[in-house]
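Colleague: The lines below spell out each chain.
Protein chains: 2
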Amino acid sequence: MSAIFAETRPDEASAVVEAPRRERKRVVVIGAGFAGIAAARALRHADVDVALIDRRNHHIFQPLLYQVATAVLSPAEIAAPIRQLEVKQRNLSVLLAEVTGVDVATRTIEASSPGVGVRKIAYDYMVIATGARPSYFGHDEFAQFAPGLKNLSDAETIRAKILGAFELAATTEDESERARQMTFVLVGAGPTGVELAASLAQMVRVTLRGNFRRIDPAQASIILLDAGKRVLPSFAESLSAKVTRRLTKLGVKVLTGVKVETVDAEGVVAGGNRIPSATVLWTAGVAASPIPKMLGTKTDRAGRALVDPFLEVADAPGVFVVGDAASVFQNEHPVPGVAQAAIQQGHYVGRLIARELKGRKVKRPFRYFDRGNMAVVGKNYAVLERGWVRTSGFLTWLVWALVHILALPQLQNRLRVQRQWLWSYVTGQRSSRLIPEPPRGAGSGPDLPRAP
Amino acid sequence: MSAIFAETRPDEASAVVEAPRRERKRVVVIGAGFAGIAAARALRHADVDVALIDRRNHHIFQPLLYQVATAVLSPAEIAAPIRQLEVKQRNLSVLLAEVTGVDVATRTIEASSPGVGVRKIAYDYMVIATGARPSYFGHDEFAQFAPGLKNLSDAETIRAKILGAFELAATTEDESERARQMTFVLVGAGPTGVELAASLAQMVRVTLRGNFRRIDPAQASIILLDAGKRVLPSFAESLSAKVTRRLTKLGVKVLTGVKVETVDAEGVVAGGNRIPSATVLWTAGVAASPIPKMLGTKTDRAGRALVDPFLEVADAPGVFVVGDAASVFQNEHPVPGVAQAAIQQGHYVGRLIARELKGRKVKRPFRYFDRGNMAVVGKNYAVLERGWVRTSGFLTWLVWALVHILALPQLQNRLRVQRQWLWSYVTGQRSSRLIPEPPRGAGSGPDLPRAP
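Chain order of the listed sequences is A and B. By our numbering, the letter at position 145 of the first sequence is numbered 145, and the numbering carries on one by one without gaps. By our numbering, the letter at position 112 of the second sequence is numbered 112, and the numbering carries on one by one without gaps.
Treat the hints as calculated values from the structure; they're not laboratory data. One or more hints might be untrue.
The list cannot tell twin chains apart, which means a pair is met if one copy fits it or any two copies do.
Unchecked claim - Cut-off 30 angstroms, straight-line C-alpha distance, at most; resulting in silico cross-link-like pairs (DSSO-like, lysine-lysine):
| no. | residue 1 | residue 2 |
| --- | --- | --- |
| 1 | K358 | K249 |
| 2 | K379 | K363 |
| 3 | K161 | K88 |
| 4 | K379 | K88 |
| 5 | K298 | K88 |
| 6 | K361 | K229 |
| 7 | K358 | K229 |
| 8 | K161 | K293 |
| 9 | K25 | K379 |
| 10 | K25 | K242 |
| 11 | K242 | K293 |
Only a predicted model underlies this, so the values are computations on that prediction, with no experimental measurement involved.
Could you put the whole structure together from the sequences, leaning on the hints where they help?
Modeller: Here it is in structure tokens:
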């Protein structure tokens, strides 16, 4: 169909490619998360070539990432191949590449694909939707000890850490080491920290019951730390209090107003006390990906691009930034870094570009419409806040489950997640308890028998 | 419950631990594949402590591994946590460790767990069920270019190679490189090679249809090579001929009587011709894991332990070897390295030990009962051979599907695989098309937006 990348030969990579004579304009969308896909989809009827670039071949449904980390779901169950969009949208091309440079003066980006090398791609419009990554607030040395949870590889790392800790606790003869292996510290009591802590609490009490003769997994200590005054600060205080009670009931120790000073191989130091822990998880801060900085325009302290009310970058015409990569304010409050905001921003920018292409000049600034916030706390319990409506409990949990099932990309993922949930709800089992095996050649241990 | 590993403190690891005063004898089973689990399960009513050691935390159902490699199934769908056996079997303890040494004189093994170090474990009986790994027939340098398919990490490596090849083919401007990326060579036309080639052929024609604007995945070239005269040499010639026809119909080029001379980064040289290929998969030979060699007793050329008719090692009383780690003959024919043989051997040895523990002296040698062989060739087609019965076609394929669903460990896996098959049968879609993402910090490309 469209030879959208055709003029960008790798052998010309060192020279800037002049935007060649093209019949159609080109929109380059970087990042196939919620915001990027919404932007690309909003352009589906526009007379334009859309290039969707991501360094992964799959979109992930981030709100359920914590369930991959706690072995409820398999990675593939919350992922959808981005490439499938080419089937659905004729003016769209997918490119698996990593963006390594942006030049707003010549309107080109530099993208690198493994095995193919660096190429330059010209754009007329660019939508940066590259999201966020964990931020250690200037303590990047914590990263190696306390993984964040932003992508599937993070989720699998955390899963292996959690399952591996129980294996080591069951193996060691040293009492204090056993206690350290059975202590899990989560830094940051926002939605991810709360949901992860509750899911972990459920796992140690129910799923792993009877799995270890030498230890009782239910004795594990799960500590949720936050420097702030309460859990879920984006929710009403009454809901925070309810969630704290619920977490305590599940066996999670909630410590608010406690600042983490150090994270190292032995555990954390928080509020002046050392907590020995083999599994420290970072659910605290996020910073933007490095792409907005490449524009050379203004960013905030977290690396998010400052944009005008139309989500466009002031000194880079035609460049829009959406989702967690952008700093967007509304009524002097920042628009939160949640999926619905990302989707709304992506959709808005897609529509805006489509209208511009049709020659329409009048445009309205972006308005965020808050559909409400939810957080789930283990089995049968969730909290919801929407305007003045605040609910919690079992019915809210059902709503949470329904909303998340329906929001999943692809019908098949909806069916799979639904069944996995039903299964683990009824049996308490979790079906993805895999610790990845060492790569071939790393050791000489047992191999499994041969297939017939 | 039982403190089965209690006397083997890590600080004593450097000294040989004398088998201490124990009330019950101990059977150490190394490897939790088909054979090892069958042996452990056969001891469930015996008055003995069973220690099941594996370096992985999960058992895998090898016959469906090729479907993980071709994105039909997710890794967790064919895996079951070994630890769950502790719930079912009270005299069994699971240890996640890698066996690094065996001393038959002192009846101890050396096992290493990450973070805990090396320990010695005493045994009264030992069952070695450590399986096989790919064999490159003295050309270990091929391994880095042509992965084998023996475990989940292999399957995920192959999946990423296949999906990545199409991405690169769609990205490159170089015609010959594109052709190389779209050429897949499978070395070895046994059941794994045949099943993998057929599944791959189905994928490129159906699943990936329309996914790429710049290439037509159906134009991919899939070549199945074997030095032997025919595909599936363990089946009757008539079935081999049928399978060859079926493969050809699916678009697989079958080249028999062709020896592979070289595998390198550019492809393979076979029968004097170079075939440029970015994806060479090794489905040819297997050799035993290194554990049998540690016994210091006799092994065959593939490293399999030579055992007596009771599957015991002649110079190492109390040591049994089962499954692919053993060289077992029956009527002067080797017992094949298939799941049913492994299960029968494991079960036999477990029963034998249980009887010995009860003081029974009379024992019968192992007899392999061949329940028949099956191989599946894409959608709707399988071949079956059992004694003089030879069938092929759609009904045989249904039998194949039924047998494999029923043989899966855990009810949940049966349900999940069944649904995945139904889904991909009806829609042609494959739901696990994930290329693993680069680990955090490896690059600075786009990150996905934040979860709400």
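Colleague: All hints, please: hold or fail.
Modeller: Each hint, compared with the structure:
1. K358 to K249: neither (58 angstroms within a copy, 49 angstroms between copies)
2. K379 to K363: Neither, since 45 angstroms and 53 angstroms both go past 30 angstroms.
3. K161 to K88: So K161 and K88 pass the 30 angstroms test across copies only (25 angstroms; inside, 39 angstroms).
4. K379 to K88: between (36 angstroms within a copy, 25 angstroms between copies)
5. K298 to K88: neither (36 angstroms within a copy, 61 angstroms between copies)
6. K361 to K229: neither (47 angstroms within a copy, 72 angstroms between copies)
7. K358 to K229: neither (50 angstroms within a copy, 65 angstroms between copies)
8. K161 to K293: neither (33 angstroms within a copy, 33 angstroms between copies)
9. K25 to K379: Intra 50 angstroms, inter 43 angstroms, cutoff 30 angstroms: neither.
10. K25 to K242: The answer is neither: 53 angstroms in one copy and 53 angstroms across copies each exceed 30 angstroms.
11. K242 to K293: neither (40 angstroms within a copy, 61 angstroms between copies)
In summary, the numbered hints that this structure violates are 1, 2, 5, 6, 7, 8, 9, 10 and 11.
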